[in-house]
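For reference, the chains in residue letters:
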Amino acid sequence: QSVLTQPPSASGTPGQRVTISCSGGGSNIGDNPVHWYQHLPGTAPKLLIYTNSQRPSGVPDRFSDSKSGTSASLAISGLQSEDEAIYYCAAWDDSLKGVIFGGGTKLTVL
Amino acid sequence: EVQLIESGGAVVQPGGSLRVSCEFSGFHDNEYAMHWVRQAPGRGLEWISGVGWDGGRKAYADSVKGRFSLSKDNSKNALYLQMNNLRPEDAALYYCAKGARKFYFENSDYDLWGQGTLVSVSS
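From first to last, the protein sequence lines are chains Z and G.
So in the working numbering, spot 66 of the first sequence is number 59, and the numbers just go up one at a time.
So in the working numbering, spot 32 of the second sequence is number 43, and the numbers just go up one at a time.
Treat the hints with care, since some could be wrong.
[As the list claims (entries may be wrong)] Below, a list of computed lysine to aspartate or glutamate pairs in the EDC-like style, where the Cα atoms sit at most 16 angstroms apart:
no., chain 1, residue 1, chain 2, residue 2
1, G, K87, G, D65
2, Z, K39, G, E57
3, G, K113, G, E42
4, G, K69, Z, D87
5, Z, K90, G, E57
6, G, K76, G, E100
7, Z, K90, G, D73
8, Z, K99, Z, D76
[What the hints assert, rightly or not] Covered stretches of chain G (chain Z as the covering partner; in silico rule of three or more C-beta atoms under 8 angstroms from a C-beta of chain Z):
no., segment
9, 44 to 57
10, 71 to 83
11, 112 to 126
Please keep in mind that the hints were generated in silico from the structure rather than gathered at the bench.
Heads up, the beta-carbon is just placed ideally off N, CA and C, and yes, glycines get one too.
Based on the provided sequences and hints, a complete structural model is requested.
Right under this line is the structure:
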C-alpha cells in the first residue's frame, strides 16, 4: 500500500491540459521535495521533474509541477499521444527513512 | 557513456538467495547515492534500498529489511544487492538508479536508470 496516493487513471484529448495529483503527509511531501516520473512499458522510468521544479534535459516545458502542504500535482499541457504512460510521484519519507512512490496514474490520450 | 547495467537476475526457489549487480560508468560514483527500485508484475514502483556516495549510509524498505543487503565497490564501479530468504512477493524487475544530486542521500530523484534485471521466485 502506497503512502502517496494518486488516482489510478486520468485521460484527456490531444491539446488538452491534464493534472495528476499526489497526496501524502507531513513526513514526506510536507517536508521533502516531490519528484515525478514517466514510465512507458518495457522501458526504464524517466525523471520528469525534480527539485525546485527543474526538468532534465530533453523534457519539454509542457510538463510542470506544483506543491501545497502535503499535496503535489503534475500538469501536462498541450497533451500529445506520446504522453500516454504511467506517471509516478515520489518523495523521501522522514518517518520511514526511505523513499516512497505513489501507486501510479495511467494516463490515456483519447 | 553514462549508463547503468544490471545483471544477475534468475529464477530462485522460495527461501533461496541471489545477488544482483549494477555496473555503472560515465560519472564519479563516489559523488552520488545509488538506489534499487523494483517493479513486481502488474504493480507500481517500489523503492527497496539506497547507499550513500561513500558507501557509508544505507537504508532499506521495511519489506526487505533484514533479508537484503546493499554494498558498493567503487574500485569496480559496481553496486550489489544481496537478497536472502527470498519470498514469492520479491519477484520483480529490479532497477538500479542514480541519485540526481551530488553528496545527497535522501534522493527520490533518480536521473539515470538501468534497464533492470528480472528476479523470479518460484518452486
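Against the structure, the hints:
1. G:K87 x G:D65: Answer holds: K87 of chain G to D65 of chain G is near 14 angstroms, not above 16 angstroms.
2. Z:K39 x G:E57: holds (15 angstroms)
3. G:K113 x G:E42: holds (5 angstroms)
4. G:K69 x Z:D87: holds (14 angstroms)
5. Z:K90 x G:E57: Answer holds: K90 of chain Z to E57 of chain G is near 14 angstroms, not above 16 angstroms.
6. G:K76 x G:E100: Measuring from Cα to Cα gives roughly 14 angstroms; hence the hint holds.
7. Z:K90 x G:D73: holds (10 angstroms)
8. Z:K99 x Z:D76: The given pair, whose Cα atoms are some 10 angstroms apart, holds under the 16 angstroms limit.
9. 44 to 57: holds (count 5)
10. 71 to 83: Our answer is that it holds, as 3 residues pass the Cβ test (under 8 angstroms) against chain Z, meeting three.
11. 112 to 126: holds (count 10)
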